[in-house]
Every structure is written in structure tokens, then in C-alpha cells.
Amino acid sequence: MRRALVWDRVATGVFWAIGAFVVAVLGAIILHFLLASMGTISLDFLTSNPSRTELGGVAPILWNSFYILVLTLLITVPLGTIGGIYMAEYAGNGRLPNLIRLSQELISSVPSIVVGLFGLALFVIAFGWSFSAISGALALTVFNLPLMMRLAEQALRGVPQDERDASLALGATKWQTIRNVVLPLAIPGIITGIILTAGRIFGEAAALIFTAGLSTPGGYDFSNFNIADAQSPWSPFHTSTTLSVYIWKLNSEGLSQFVHQIADTSAAILVVAVLAFNLLARGLGRALQRRTTGSR
Amino acid sequence: MNTENDVTVAEMPPPTDSTQPAADGLSTPGTTNPPQIRITVQPGAATEETKSHETRIAVKDLNIYYGPKRAVRDVTMDIPANAVTAFIGPSGCGKSTILRCFDRMNDLIPGARITGEVVLNGEDVYDRGVLPVEVRRRVGLVFQRPNPFPMTIYDNVAYGPRRHGVKDRARLDEIVEGSIKRAALWDEVKDDYRKKSGLALSGGQQQRLCIARTLATEPDVILMDEPASALDPISTLKIEELIEELRQRYTIVIVTHNMQQASRVSQMTAFFTLSSDDRAGYLVEYANTAQIFTNPRQQLTEDYVSGRFG
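If you read the protein sequences in the order shown, they are chains L and A. The opening residue of the first sequence carries number 1 in our numbering; numbering runs sequentially from there. The opening residue of the second sequence carries number 1001 in our numbering; numbering runs sequentially from there.
Each hint should be verified, as a subset may be incorrect.
The calculated lysine to aspartate or glutamate pairs, modelled on DMTMM-like cross-linking and capped at a C-alpha distance of 20 Å, are [what the hints assert, rightly or not]:
#	chain 1	residue 1	chain 2	residue 2
1	A	1195	A	1173
2	A	1196	L	163
3	A	1195	A	1220
4	A	1181	A	1134
5	L	174	A	1134
6	A	1069	A	1107
7	L	174	A	1107
8	A	1181	A	1107
9	A	1238	A	1188
Hints are computed from structural coordinates only; laboratory data are not their basis.
Input sequences plus hints: build the corresponding full structure.
Put into C-alpha cells, the structure is as follows:
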């Protein structure tokens, strides 16, 4: 009996320690970059253009990161959710769903630099979109769509059969059941999927180097809404270095004397932005669920 | 009553007009002649034929298969309108399977198929051209575990009508209020049923909400699959009282493991069991409830209701 109690204590301690270790690692990363960016970070840094001679800022690069993120999510989330609905509700266990599942796994395990090369060949060269936000977003879609689809499918499968049966027994059709009962209940899971996907998109560098490009139009004019103009910040055709790519570029070929300060500060922004984005999406997921289901 | 095989269900009230509110119809005897149920029993035979004044569901030679396995064998029975029919029997005897067959919920299970007929109001629910969604609308199903949607009480009850195209607010309000009242839940929720989540109710209240939700689709038949087995005794009693109340307007078929419950709430009882050779469920005896519990004709029924097996 005593031994059992001791082991119980030990087990609790081990699990607690592992949990604490994970939190500590995360805390260390955040703390490191926050400290490293002290003195550099300022509103000025966020709102000015990069410069070769002074510290400058990352305004257009930050803009590109969010632009590509939103563009990718606009493509990935609807397609992924629809794909997830198909896989969870309609596909069953035939040959096609098995093939889809295999493809999902294979694409997910392809190194992202290879996806980048594929994007270069297809979107940049074959489609003639050159290095641009849209080429980057589509390359990101290639390997995030299977993930999003998978996560949406899991979220939908997590909805208890009871709820579906209750709806069907009331004479609702399958689609009415999915639309009114299953989807609302799956929304928190789908939001979690979006968070995970968004984190990957926001932080991705390798797939973007050959697709979104390494530069950015100097000085954005936000009043230029002509989306066909590659100089417009709103255009999907503008060259779009993102924060991650920028960090890589600075560290490999940066010439400015402020290289390390800029890289560290960019990293801090990246980490904080991903964190903030997660928290926001979480809150949104809860609010959505409350609204669609009316539960307290 | 000319032979001892003829049985009358004395308490059966006349079928009530469905526009009439469900008042205490129990205390209005003798308004019309009560429907009579005649049960013919062939000695030693496992199947019995039931004839009633008005049959709501006529089951004929029903066999249910899951893939190659036969789950239910040759069930033939007539389920009378405006009465409670109880299905009893040991676990796995197919009573829930048969129940779900009546509103085509078995269609949802891959590999399930049936032969035979389930005739509801003169139409075989398995006919080509009969839509399962239509059947499920006319035949309500209340599940073992209360399963309200995570929505407000109002939205739960309005769910069926909304899916069937009722958009008018006033009409929806009317249906919702009427259904909650008929499910004997009104007094407990009338103050906040538009805001409160169905999940915030107690288990017994949730089950009555599920019944209200079913009533809102205006079914002819309500199937109940062990509706009180997950509830405490007081909630169970309320559900039983509600069933008694509801049979004035609806035909009710209830699966129950609780034999006291079957004897309390039902007028007709069907006893099913598993056959020893192919493990398929079959109907052993179907008669009025008093007879099944006091004077069954089959030894198997006798053994089961007296607690000797099952």
C-alpha cells in the first residue's frame, strides 16, 4: 500500500515536471527574444521601412506576413473545411477516401523547401505570377490544405453520433444535420485547426523563399488599391518577403550593421504575433460556439 | 368475449382529434366504443396475430439483417393506435432494432437491410418512393440518453419545424409553446425557455425536452427507446405520467428493460427473445399487458416476466 502511494507521488511528480519543462522552454524562447529586442523595438521600428544605413524598420515585411497569412487562410480554410466534411460525413471507407488520406500524409511529409521548388516551377514560372504573394500563398496552401482538411475532419468526427441521430430522427436531412448540428459543434475544433495552420503559415520560410520572393516594393502606398499593380500593398502580385524569410535573409546575407538587432526584433515580433493570433482565434472560437449553439 | 383467447383492452380511450388539446382524456369513458384488440394464439406457435379496431403500424414478416447476420426473424404484429405498446426482452433480442426500423433509423447503419413490411397508416414505410426523412417526421424517436442539442430550449423544440420549412415567427412560437406544454415541461421553463440552454436542464427535464422536440414535428407515432433508464425514480415517474397523458393523442411504442415500467405504462406488451440456434431475435408473445404479466401463454414469457432469466 505504502509503495503504491510512493509510486503515485513519483508519477504525479514526473508528469508535473514534464509539463513544467514544456512551459519553461516556451517561456525561455519568448523571454530570450523579448530581452534581445529591448532597445530596438519601438513603434517606429514597426512603422518604418527597412534601411541600409540606419536601423530602419519592418513595416512592409510585417504587412506582407499578414497579407500572405490572410490570403492563404482565405484559400485553405473553406477548401479544407469542405474537404473535411466530405471525408468525415460522406466518404466512408472506399478506395477514393483511402487515396485521399494517403496523399494527405505524403504531402504533409514532403519537405517544405521542395514544395517551394514546386511552387517556383508552377506558380512563379509556368503561371507567370513571378515572385508574389499569390505564388507564396498557393505554395503554402499545397502543404497546409491537407493539414486543415485532416483537422476539420477530426473536429467533425468528434461530434457525438447522438447529436446526429437526434437531428435525423426529427426528419432533418443529412445536409440540414451537418449544417445545423454537426458544423456548429465542430467549430471550436475547426478554429483550433485554423490556429495550428496559421502558426505554420506565419512562421514558414523555406516554401516562400522561391515563391514569395526575397524583396519587397520599397515604401508602400496604402491608398493604391489597384490590385493589378505589383507596387500596391493590396495586390496579390507584389513581391512579398515575410518576417521569417526576412530573418533568414538577414542572417545569411545581411550587410547592415544592425543585422542582429533587426533579426532578433523580427523574431520577437514573430513569436508575439503568433501568440496573440492564437489567443485571438481561441476567443473567437468560443464566441462563435456560443452564438451558433446558444449554450451558456 | 367468446373464447378465452379474446382479450379486451378496457382502458383504451377513443382516438382523440389531433387538434384538441390533450386534456385528462382518461376520465372520459364511454364517449365512443373503445377499440378492441383480439389476440389469437395458436398453442405452441411462436408468432401471434393481433387484430385491433384501428391499427397504426402493421408489421408483416419483418426480418432485419446486419450484413450476413439475421438480427430479427419473422416478426408479424399489429400495433394499435392511441395506446402504449411495450417491447420487453433480454439484451440483444432485437427490440430496439425493431423499434428503429419503424422510423427507418436503421437505414443509417451500413450493411443493414430488411425484408417484410412495416405499414404505417396504410403505407409501407419501406416502399420505393417513400422518403426516410418523411417517415422520421411522422414517427418520432426518443432516445435512451437525453440528447438535447446545445441550443436554447426554444431552438431545440423549433428545430424540427424549422427544418421542415416553418419560418413564420408567430407560428413557431405557437408550436414551441404548445409542444413544451404537452411535454409537461412548461411550468419549469416558461420564464427562460428562450434564453436557457437545453443542456442546463436536469436529466429528467432534458428527456421531457426531447419529447417536446419530437412533438413539435407533429408525429403520429412516438417511439421511445428505454426513455427513463438513465433517469432517477422521480424523473422516471414523471416520464411515465407523461406517456400516459400522451397516448390520448399519439401511438406510443416503448422499449424497456424495466418490467414494472412495462406493466405500469402499457396496454399491449410484446415479448422478444433470442433464438438459441441462430441468435436472431424473434417475437415470442404479444398480447395485452395484463395477460403477459399474469397469465402468459408461453413458458418462455412466463420464465422471463417472473425473473427466471434475462
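Here is what the structure says about each hint:
no., hint, verdict
1, A:1195 - A:1173, "holds (14 Å)"
2, A:1196 - L:163, "holds (19 Å)"
3, A:1195 - A:1220, "violated (30 Å)"
4, A:1181 - A:1134, "violated (25 Å)"
5, L:174 - A:1134, "holds (13 Å)"
6, A:1069 - A:1107, "holds (16 Å)"
7, L:174 - A:1107, "holds (12 Å)"
8, A:1181 - A:1107, "violated (32 Å)"
9, A:1238 - A:1188, "holds (13 Å)"
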